[in-house]
Amino acid sequence: MLEIKDLKVEISGKEILHGVDLKINDAETHVLFGPNGAGKTTLLMAIMGFPEYKITGGKILFNGEDITDLPLHERARRGIGMSFQRPPTIKGVKTRQIIEISARNGISIDEVAKGLNLGHLLNRDVNDGFSGGEIKRSELSQLMAQQPSFVLLDEPESGVDLENISLLGSAINKLLQKDMKRQRVNSGLIITHTGYILDYVDADAGHLLIGGIVPCAGNPREMLHDIKENGYEVCAICPTSC
Amino acid sequence: MSNKLLDNLTERAKLAVDKKAPFGEDIDLTKYVKASNEHDYVEDLEKLSKEEKERLFAVGVDTKAENRSGSFVQHDTKVSHRRSTQEGVEVMGTMEALEKYDWLQDYWWKAVAVDQDKYTAHVELHQNDGYFIRTLPGVKTVYPLQACLYLREESIAQNVHNIIIAEEGSELHIITGCTTGPHVKEGIHLGVSEFFIKKGAKVSFTMIHGWNENVAVRPRTGVFVEEDGVFLSNYILLRKAHSLQMYPNAYMVGKNSTARFNTIIAVPEGSHVDSGARTYLRAPGAKAEIISRTISTGGTVISRGHMIGEVPGVKAHMECNGLILTETGIVSAVPELEGRVADVEMSHEAAVGKIAKEEIEYLMARGLSEDEAKSTIIRGFLDVSIMGLPPHLEAAIKKTVETSQKGFM
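The listed protein sequences derive, respectively, from chains V and P.
Note that the first sequence covers residues 1 to 242 in my numbering.
Note that the second sequence covers residues 1001 to 1409 in my numbering.
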């Protein structure tokens, strides 16, 4: 579904990603580990197509199409969706409205909102005064309406209490069609710091992003264990997980 | 009105005929001509020409008068229609009201000073009616009243004096549309409005302006709000206004009185708008809020606010947000807070600039093109739900705003 080849990305003239390779097949969920400042969010933003994240080398292929130069909204329209860690507040634009904007045919806004316990926020301005958990639920409700085939999730569990994390987990599983087996197509890339999300969402592969490159990939649970035991640096040079 | 009082007002007005206003371009009032007033009283507003009906509709005045508690229309300097459809709600020209009620002189020029500037003086010396709207004690309007001040003839000055009284415990919603005939190129609208919100009464006053090329506008407004009274002012201007300046004053003299001013203004090239609100919080528990959202597509808009806390235990908040959508265009926010005692809670926030890139991109990530994202944000910026209107009134205003937005988006 998504293939990244030797991707180099800079922000304000400074190169952050120095040649990243990554391949995510249909129906696969991958997680991305890495210390603060490693470039994880940069990778997601570059895949989504934010102009500030300038691609200076390499390619992004989505379903075989080279989307490296496609604008942001065209990528969204082709089926890439992203949940933001710190989305902006938009005064006057209601949460219901942004879910409607995101929605593909046949989606009931009220049902999506109900599933994510978001009904009380529908008539509030987007992200205005929302708690951390409310932001995550609002982000996921937009994605549920958008129905992307490839989902980018930036730390979906951060700022969410234990009660809501399972709610989010179910929503993510639904987005990734985890309830389907043979017919499953959707895939995703999830950034996680704590790894809590792995208790709720089955991931097929893990990658470590450190210093602007991806030196290492493997079983996500084993990698998480290694990182917890030995830190990111040691995980990066571990021969067994690659 | 007693001769003594009249003489006194006339004298004061005469002394102020050259008194410049502190803000806005100084307009030469001698260049305007007297209206011929060659038009008759209109019993049924539906009989107005199609052209005029459209102009009225664009400023929120429905000539079918469906879902309205009453209507008032003044063409140029003469009242052409007035009707109340609810018992306990009075609607008439101010000249007629002065004839009818002796006590009205106790309200005359009490909320606005006759010698405030040359424009108030001009209205006193060349009075052309205006509307008198009053709700009797405890009466609540089911539907809003509508009033329209219409400039039909070329190059005239319309000098109106309006009085609005909400008696104790009453509730009154008014939509006022001020506009010009489509062919009028020049003129001036001078409108004095004095509001008296009695104990426990509530008034929402939604004013929509739609002017033409070289029309100058100088409204002068004063509001008294008594104990537990609520005054809600909504002002909407989305069409070109060559020169408009206003700075209404609200005097919150009763305990727990509330005043709120919401303003939505868009200025295209060639518009110069200087608009604000001043609130005097004079009784404990008084609350005031000024919210303005302004957009420039090439014109100049100055958004002022001055909140004065005179006694302890009052609250005031102001928000001035401005968007500049073109390379040229000026948005100026001038918020001013003045606490005259300790124990007042006053705050303001102001922001001026272009649409935030991160907001545009956020919507683009949901599949909107850049242009679609911008229009969505602008529509949200001009959202009338901030005005706190009853649902049916909000729906009507929303429709009006959407129609007008097409002109500049």
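Note that these hints are calculated values from the structure, not bench results.
Some hints here could point you the wrong way.
[Said to hold, decoys possible] Taking lysine-lysine and the BS3-like style, the derived pairs with C-alpha atoms no more than 27 Å apart in a straight line are:
| no. | chain 1 | residue 1 | chain 2 | residue 2 |
| --- | --- | --- | --- | --- |
| 1 | P | K1014 | V | K91 |
| 2 | V | K91 | P | K1398 |
| 3 | P | K1374 | V | K94 |
[Claimed, not checked] If you want the footprint, here are the derived chain P segments under chain V, 3+ residues with CB under 8 Å:
| no. | segment |
| --- | --- |
| 4 | 1133 to 1139 |
| 5 | 1367 to 1373 |
Ideal Cβ placement from N, Cα and C applies to all residues, glycine included.
Hints, one by one, checked against the model:
For the proposed pair P/K1014 and V/K91, the alpha carbon gap of about 48 Å is over 27 Å, so the pair is violated. For the given pair, V/K91 sits about 16 Å from P/K1398 by alpha-carbon distance, which is consistent with the 27 Å threshold. Straight-line distance between C-alpha atoms of P/K1374 and V/K94 comes to about 15 Å, which keeps the hinted pair within the 27 Å bound. Counting residues of the segment 1133 to 1139 of chain P whose CB falls under 8 Å from any CB of chain V gives 0; the rule of at least 3 is not met.
Interface restraint, the segment 1367 to 1373 of chain P with chain V: holds (5 residues with C-beta to C-beta distance below 8 Å; minimum three).
Of the numbered hints stated above, those contradicted by the structure are hints 1, 4, listed in ascending order.
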